[in-house]
Amino acid sequence: MLKQIISGIQNIGHRAIESVWRLGVASRFFILVLLKSGTSLRRFDLVIRELYFTGVLSLIIIVVSGLFVGMVLGLQGYETLQKYGSESAVGTLVALSLVRELGPVVAALLFASRAGSAITAEIGLMKATEQLAAMGMMAVDPIARVVAPRFWAGVISMPFLAAMFSVMGVFGGYLVTVLFIGVDEGSYWSQMQSAVDFRFDILNGFIKSCFFGVAVTAIAVFEGYDAPPTAEGVSGATTRTVVTSSLVILGLDFILTAFMFRGVS
Amino acid sequence: MQRTTMDLWVGVFVITGIIALMILSLKVGNLNVYNPAQSYVITGNFENIGGLKIRAPVKSAGVVVGRVTNIQFSTETYDAVVSMSMDGQFEFPKDTFASILTSGLLGEQYIGLAAGGDEAKLKEGDKIMKTNSAMVLEELIGRFLFNKAAEDDSF
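One line per chain: the protein sequences are P and H, in this order.
Anchor point for the first sequence: position 176 equals 176 in our numbering, and the numbering is continuous, going up by one each time.
Remember, our numbering sits 1000 above the position in the second sequence when you count from 1.
In case anyone wonders, no lab produced these hints; they're calculated from the structure.
In this text the structure is predicted, and so the values were computed from the model without any measurement.
It is possible that part of the hints are untrue.
Only pairs whose alpha carbons sit at most 35 Å apart, straight line, appear in this in silico DSBU-like list of lysine-lysine [to be verified]:
#, chain 1, residue 1, chain 2, residue 2
1, P, K83, H, K1059
2, H, K1053, P, K83
3, P, K83, H, K1027
4, H, K1053, H, K1123
5, H, K1053, H, K1121
Kindly generate the complete structure, drawing on both the sequences and the hints.
Right, here's the structure in full:
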């Protein structure tokens, strides 16, 4: 009985130390990727190839979900606002919630599950089939050749995807409220334009999506590089990428929002 | 360097991304209305600013000509000092009248400027001398009741 309790406590301690250890390795790995990214910026065609896989192929899911999120926002916002006779403010509601929060956050969540998991699986499988070790044998640094291009492609494509998500959302809101329900088109756009500030709303949303891009791709490449070189290990690493990056996105969003939007209005 | 179809698609992706950012800043954010690069800051003392907030618009004849950048409390005059960043292309006379108004019944509060007739113009760091406080509902009702009571007494 006592032995079981002690081993249970030992287990908790082991896990805690293990996770701190992993965090340290991840930080060192992140610095290493930044230091070795000179090669990938000089050979930019490597980054372009990864931009195709992370950015272009994520386009469909981002555009379609942006459209539907905007349509739902417009519909729900209209339902509530029309009770107070201020349905013309629906444009403001849709644009502000998309540009400030939903655009960067939902686009980053979709990006984590669409592109982040693919990056982890690819690098993990490269490790499991000893392709990374083979590169090392040929004096090709796998971090510079495989990891850094994927990292930069993710960082570059994330702000673009978030902006497209927001634009499609605003268009979806326009579609539902103006074309289907019949809110006045002029007040939809003019109220939106008077409420959305370039520096305060759009630039802050852009900065947010840059942070999310760095966080998601850093987690994805680390989990792939650190995955146990087995089929089971790669599948576990892919799951961890999606779970960890989703949690990090939401936590980071709270911190960034607290910094950006507190005490100003 | 060899060109591939992949390059084309990445190019399309980057262009769509930039277009999306431009739409956000121009169509949604209305960036072209107000350029803070050429602007001048003026201040005004208000007895009561009501619900005026930082970033509230400064309008003249209904057109946005600037934004409220800072609101402070002065312990010398015991009133509110409101700083306004004005668009550089609009100049106002020295004796411009500033009042805090409300757009609509429940709308946000803004500063309305009514131009005077002075030849000299307001410049960077100048102070608006003629101000009118925000309308406070309680004071308004109080004044109305007071007048009503005075009327009733006279009969």
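Hint check results:
1. P:K83 / H:K1059: It holds: about 30 Å lies between the C-alpha atoms, which stays within 35 Å.
2. H:K1053 / P:K83: 26 Å, holds
3. P:K83 / H:K1027: 28 Å, holds
4. H:K1053 / H:K1123: This hinted pair holds, its Cα atoms lying about 23 Å apart.
5. H:K1053 / H:K1121: The given pair, whose Cα atoms are some 26 Å apart, holds under the 35 Å limit.
Of the numbered hints given earlier, the model fails none.
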